[in-house]
Each structure stands twice: as C-alpha cells, then as structure tokens.
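K.L.:
Chain by chain, the residues run as shown.
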Amino acid sequence: MPGRSIEFHPDDRFFAFLRIIHNPQCGEGKLAGIPVAIKDNISTEGIETTCASRILAGYVPPYDATVVERIRREGAAIVGKTNMDEFGMGTTTENSAFGPTRNPADPSRVPGGSSGGSAAAIAGGLVPMALGTDTGGSIRCPAAFCGIVGLKPTYGRVSRYGLIAYANSLEQIGPMAGTVTDVNRLMGVIAGYDPRDSTSLDMPFRHEPDPDIRGVKIGVPEEFFGEGVDPRVASVVWDGISVLEKKGAEIITCRMPSMACALAAYYVTCTSEASSNLARFDGVRYGPAADSKKTWHESFQERRREGFGEEVRRRIMLGTFALSSGYYGKYYAKAQAARNNVRADFARLFREVDALAGPTMPTVAFRFGEKSDPLSMYLSDILTVPANLAGVPAISVPCGKVENLPVGLQITGCWMEDERVIDIAYAFEQGRSP
Amino acid sequence: MITEKDTEHIAQLADIAIYREELAAFTSRFNEILEYFDILDTVEVMEDRNEKECNVLRDDEIVPSLPQERALANVKEQEEGFFKAPRVM
Amino acid sequence: MTVIIGLEIHCQLDTATKLFCGCSTDYRDDSPNSHTCPVCLGLPGSLPKINKKAVEYALRVAKALHCEVPQESEFARKNYFYPDLNKGFQITQYDRPLAVSGHLDIDGDDGEKRVRITRVHMEEDPGRLVHKGGADRPRYTLVDYNRAGIPLIEIVTEPDLRSPKEARKFLNKMRATLEYLGVFDSEKEGSLRVDANISIQGSERVEVKNITSYKGVEKALTFEVTRQRNAIRRGQKIVRETRHFVEARGVTTSSRSKEMEQDYRYFPEPDLRPLRVCDWADEIVIPELPDARKSRFIQDYNLSPTHAATLTGDWQIAEFYETLPPDLRTSTGTATWVADTLLGELNYRDMSIRHVPLQHFKEILIIRESGGVTDKGAVEVLRALLDQVKETGSCESPGACIERLGLKVLGTSEQGGENPVTSAAREAIEENPQAVEDFRKGRKEALNFLVGQVMKKTRGCAKPADVNRVLIDLLSGEV
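Residue numbers (this note's numbering), protein chains in the order written: chain A, 1 to 434; chain B, 1 to 89; chain C, 1 to 479.
For the record, the hints were derived by calculation from the structure and aren't laboratory data. Backbone N, C-alpha and C fix where the C-beta goes; we use that ideal spot for every residue, glycine too. Not one of these hints is a red herring.
To spell it out: a stretch of chain C is covered by chain A in this simulated footprint if at least three of its residues, at any positions, have a beta carbon under 8 Å from a beta carbon of chain A; those stretches are:
| # | region |
| --- | --- |
| 1 | 43-50 |
| 2 | 68-81 |
| 3 | 84-93 |
| 4 | 138-146 |
| 5 | 266-273 |
All chains, please: the whole structure from these sequences, using the hints.
P.N.:
Have a look at this one:
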C-alpha cells in the first residue's frame, strides 16, 4: 500500500482500546483515510490479537481476516483493536482479562458487550466506525447501551474467515458507527462472498439507505415487551415505533411463541460450539508457552485454568456437558430443534410483515458489578438471541433515553433483507431528527 | 442435579483444572443454569428439514503454504523446525 | 476356538492438496512445518473448505466396494486433546458417513469369501509426533504438522475375518483395489494404517492399534491370537483393552496409560455444509478392478489362474505386464518371467516394480525369446541391471550387459573358425573318456554329464539343446 498514513492519538479514558496504532497506513477507496477500530477477536496480520484473553497474550496472527483485507483495500486506517468480553462471552465487557471498558454516556456503567470497546470508541468520539461481532447480541447490545448504530448481518453475508470462533453457527462480524449511513457504508465494504468461508453466501451488498417506508408492515411481537423489560425502556421504544408509523409504516402486533425456548437454545448451542472452538489453546503453536516440565495433560489443564477467565471456563464446561455422552439428546439436539422453531416462527411472521420492531435490550446499561449472577446476565440477551438463532439480520438504532442512558430500537428483518432493515433504521433516524 | 463430583468429572472431560475454592460456587451456578435449560424438554424434535446449502467444495489446486519461519513465528520453544510440546506420558 | 477379526483401515488419498486447505500433500522429503497454513495449523479464525477431489476419490472407493451412498452425509467434530491434533478436535464423519453397507470378496481360508464393509468415511490426518527422551524417560515431544489435514479414508469391516492370514489377504486385496482406483499410493511411507479388533469367540474383544505395514498385520494378529488362546487355556480372562503393536519386536503391548473411556462429544461440523452426492456417485465410472483384470488376463493372455492372480494383484505390475508387446504377453515364459523371476529378484533387493527400467526389461525378454541369450543368461543380465539401478538409479542396456558379461548365446554355425560350442564339446569329450565310454555303452546320464561340462565351459552361453545335438553329432561322428 502506497505511503499515506494518519496520526491517531485518542484520549482513551473509557479504555475502549486494547491496542492503539498511532501512525496507521491508509490509502484510496471507499473508506479513504477513515479511522476504523477493530474488535480484538478479528485477526489482524502483524497486530497482536488476544480476544481480551490471557491465553492469547502475545499472539500475532500471520494473516488478515477477510474483512480486514477488504477495509484495508478501501483505504481505511486501522487505528487499533478494541476491548471486549473474553472470547465474546458476555454482555458487559466486564469479562475482559485486561479490565472493563466504560460507557461514555455514564462511566459508572457498562458499555454493553461483548463489542463494548468498539461501541465506546464510537460513542466517545474516538473513531467514526468500528467492526464488532455479534453471536447473541454482542453488536446490538453495546450499540443500544452506548447510543450508536450496530448491525448484525444475515448469517453468511460477511465472511467469518479470520474471526476467532466462539460460536460458529451463530456469529457474524458486523458494522458499528454513529449513523445508519456509516453502518451502511462499512457494510458495503465488508460484505460479500468469500470462497474461504464455506458458510459464506454469494449475495453482494450494494445499497444506498432509502428512508421511504410507506406501506412497510412492521410487526411487534408481544414477547418483545415481556415482563423482563423495564417499563421505561418499553415506553421509549413504543415512542420510537410511532415514529415509524408516522413515516408511513403499518404497525401490527403479533406473537412469537418460540421465544420461550430461544434463550436456552442459544446458550446450549453457543457453549457447545465454544467448548470445541476453545480446545486449541494449548500454548504449543502460539500464546503463552506450555510448561514443558509437566506432562501434556497437566500442562494443558493448568494453562486453561490460568489463561481463561471464570465465565469462559463456565461456558466451556457447560458446553462440554451438553455434548457429553448421555446428554447430547437432552441438550444439544433439543436446542437445534428449538432453533428450528424460532426459524419457522420468523418465517411465518415474515409472510405477514416485512420486519419486526422492539427494544434491543430489556433495560438500560447496568452499573459495574450489578449482574454478578451469570443466569441473570444471560437473561438480558433474551431479545437479541432470536436473530442469531435464525440467522436473520437485525439492527439497533438509538431511539431515546431513560435517565440519560441510551435506549436502542431493534429492527429485525427477513433472511437476506439487510438492506430493508437498514432502510427502516434510516427512516427512523431521519424521522427523529429535529 | 449436578454434584461437585460431577463438576470435577466435567472439568476432566474438558481438560480444564478447577480450583478447589471454586467448586461449590461453580456447581450451584451450574445447576441454576441447567435448571433453566430444562425448558428445552418441552421441545419436540422433528426431522431437520432446514434446507442448507450443500456440496461447498474447492478444487484440488495447490496454494503456497506458509514458510516454516512464519508457521513457527508465535512460539518461543521450537527445535529444528518442530513445535515443542510437553511430553505426552 | 473361532477367531473373529474386524479391521479399520486408514488410507491417505492421493490428492494434490490437503482435505480442507490448499497445502501440498507432497511433504515427505521436506523440512517440518513447511507444508502448513492457518487452516491446517488450526490457527484461530481459520476455516476449512472441502477438497472436491478427495470426495471424488472417496466415492470411487465407496462404489468399488459396492456401498450405499446415503442421500446426505456430513462432517463432524471428534473432540479430544492431544498435541498432534492442533484444533483440539479432528474433523471426521460420525453418524452420517459418506457410504455404508458394502463388501469385498476375497479368497478366504475356505474358498471365496465375502467380507462386509460397514462404512467408508472421510477424515483428516493429525500431525506427527516425535517423542524425545526414550520410552522409559520421555522428556518432551516434537510436533510436525506437515501431515495434519492430509485426506484420509477410513474403511471399517464387519468382524468377518477368521484368521490373521485372511486379514492379510483382505488387506492385500483392498490395497490393490485402492491402487486400481488411482486414489492411493501404497509406496508412500505411512500411507496406510490399520487398527484391528480381534477376539476368540466367547471372550472379550481386544483392539490392536498402530499397525503400519502389511506384513505387520499378520504378525500382530498372529501374536494376539496366540496370546489370547494361551490365556484362555490357562483359565485367564481376556481383558477388553487397547493394545499397541510394536513391529520391531513382533508383539502387542498393553497401553500403559489408564485410558478413560473416551467421550468424543461428536457434533456436526458447523463450519462445513453437508454433502449430497448420490447423483455424483451414480455418475462415477469405476475402472477395471483386480478381479475383472484377472479374468481378462486368463482369457486374453492364456495365463494360469495363479499367474494371473500374481500379475493382477498389484496395479503397477499389471500395468507393467500390459506394456509388454502383445505376443510376449501370451507366452507362458513371459508370465513366469514377470510373476516369478522378476518379482523374486525385486523382492530380494527390496525394490519396487517402479524401479524396473521398462524398456530394458522388454529388451531382455525379446532377446531371450529370440534366443539371443539363454534363460540363465537372461537372469544374470536382469540381476546385473537391477543391481545397477539400485546403486546408481540407472543401468546399461541389456545388449551392452550381455556383451560385457560375455553372455551372448553361442550359435552352432560357423563364425570364422570353429564355433565355441563345438570346441567346448570337443574338449569335454577329450577330457572325459570315461563318460564317453559310458555313453557308448548306452548310459544316457553320461551324455547329461558331458552336456554339463560343455555348459560349464561356455558359461551357460550355449543352449542346452544345441549342446546336446553337437555332442551327439561329435560322438556319433567319431568312431
């Protein structure tokens, strides 16, 4: 790449970045000279990539993820790697081995997770755009908590080659930015077929956001406003939905019974896949070296105990248990069936409506340490996981505040209709502006 | 219901050591979560007719491999081009 | 006590690239970890992609073994932790394999036998470990991932084999079949590995792992049968276990580590899509296989069933035979020459038929057939040429060799001066008056003795028939 570069010296008081590149190269193209931050579970050649875990401390990938290649090619300046929950496991970025990120809207609160660093970098005005990843809400949650825009694409529209796997069948890399226009722009660069990823879809993304949503049918499932949802959040989101109505959309209430099992299906699936994906960190080829005074198994077990945080170890064990002999049928197999029900439910709903709307998160950002109980933490993913289970696109766009804390409006679309989801979010964004 | 012994067994299977002090807390949280998972018992398992794409294949064409130094670039312990691992026995 | 044996055979498929990435499979002569990439090294973030040719080859095998190919099959993860398995799981096939329910017919202990094939599936080879420090005090382990990701096919039989010998025969037939299909190169070191399950009827089953040579299979199983029979006779109970074959000592040993009943926690590989290959399987054309070729050799070349079996039991040899000129192919002499003489000499030198200089070999046969060299002389030439190839990689022409060793058949017509056979015959007669007398007295053996003497003198360069004739002429001529 010919020699342009920029200077990047942010005041990172929120600890959004794990690694900052002060003088990054950039070039020509759709993202010419734009500083872009990259979540630290996405492989960047020559730049340490840790997934915010000690077990990958010092790991420098010898290759770029496909999305990184693409943004480089379009001239972006890669300014750093952002903080996250370790291996993507978490909803607050408190699970980072290197310390939590703070929410720029209120530094005594979490930015959401697991892409908390990317969200904070944008919300804090350090960068206009960032890449995040979303396995069960990890782009949309921090987008909602920090008051920015984040899109989880249709599964397969963005290559996973280079994404350090947490839950292969659920996760996607996605764009995060301050505006829908910028999210759309970044999506245009990263999306598209990649022959190296066998789950990659051949569906190019070339779109300009269109705010005309007259006649668009938007469904609002009852279950999106269930009892776990803070009534103040619900109120702000309903206000948001009426903006869509004012812009010409037809709002239709509906039901989505498969939601009852969605969270359990999600956690069984992601922990099972994670238990397998995280088995490779043995210190032999990368990461802190294995202790060669011990035997293989001793060394391996210790390396994993020392190198993984508590939540990661818990999920690995949950997943190991769910896949183990005698339990596969009870957990993993049932989870896939529940997943099929979610898919079928969406398919049924999308025969009647064009998109669904609701709150991204049941509450606003928690205080640090507030969700100390793992299960209560998991329950806050209830509104975001269905889109991952079904592989459909979903976006979170800021739609108001509760006690000065951002609230996100989530638009979920039909499989492959990322463009429509962006349009609705765009219409909302435009409809809100004073 | 998982006992502490079960937790230890699962840790063995997952090849993750678990601290003595954590065992009790781990086990009880495990149980809470598993209890939540029980809702899956109500799901009927039907034939997975999810029509995924199939036969995603690549041609048998050689792509240059990483040079040895790059394959070994992330380790501190290597010997004559081999990765070094603790003894297996 | 009936012996019950089942085999699990792993063969490396002879594709240009690995199963899930584009690294070259030609790693054997290269330095460690020089045939790797993020995918086969299992680096975080890498993703597998299935090699089309590997699937093609696997389907050929499935078809040749008369297997059913289910409508859909898929890859699965087999999860366990070992340094040669860099992802912490092996991508293999579990409950939805590529093919099931086939068979291979062999020449069993009691005649023709059908050995049932339970399944044929694909999987990736792990890396290679080198244990440093000796078996008693291992210090550390070195790992080379060049082999990691090489495509393997696993063929599992029902426990239909009834003796180590049958197992060996099965394996030979399987090897030949795979070579005929063009999917396997048996000469690559480590390209075939066998695990065997063996029990004596009524007792527990023992698994024997780590058999890496064809000869090893019969040895390992013979040892096991003896061990188990002896134990039973002594009233001991056979323990259900996994044992390792130690080729150097010809024994199986109990695995020292207390191996927990492994729970591999199989689940479908989420990074890959399923295979639907029934139609593809239907379209595959299987080349002529060993049995068909054997029948054809018997019919077209008038060979004996034994010769035909030997000549078609190895694809290289069969191919070799069919490059010989047509008239040579049908001669029994040629068949014996290739099946017995040539293979014998190759075996003795531990050489493969690939090393035989084809053109030169044909020339030897032609010269021999036309009488330019005797049978014995031809053997000498063959040996000389093979030795040269073994030493230097190339050899002189048969003609040059024959000249050099003075093996040219001596004609019995005048070649400017008396021909050597006649001279030698005269000498023999002169030197052995007793024999001449005995011959005149009617003792046929005496003639044979004289023939022998002449053959000695002419260093086997004379045709026995000619020598016979010349002697008789001389002896009857002399009065």
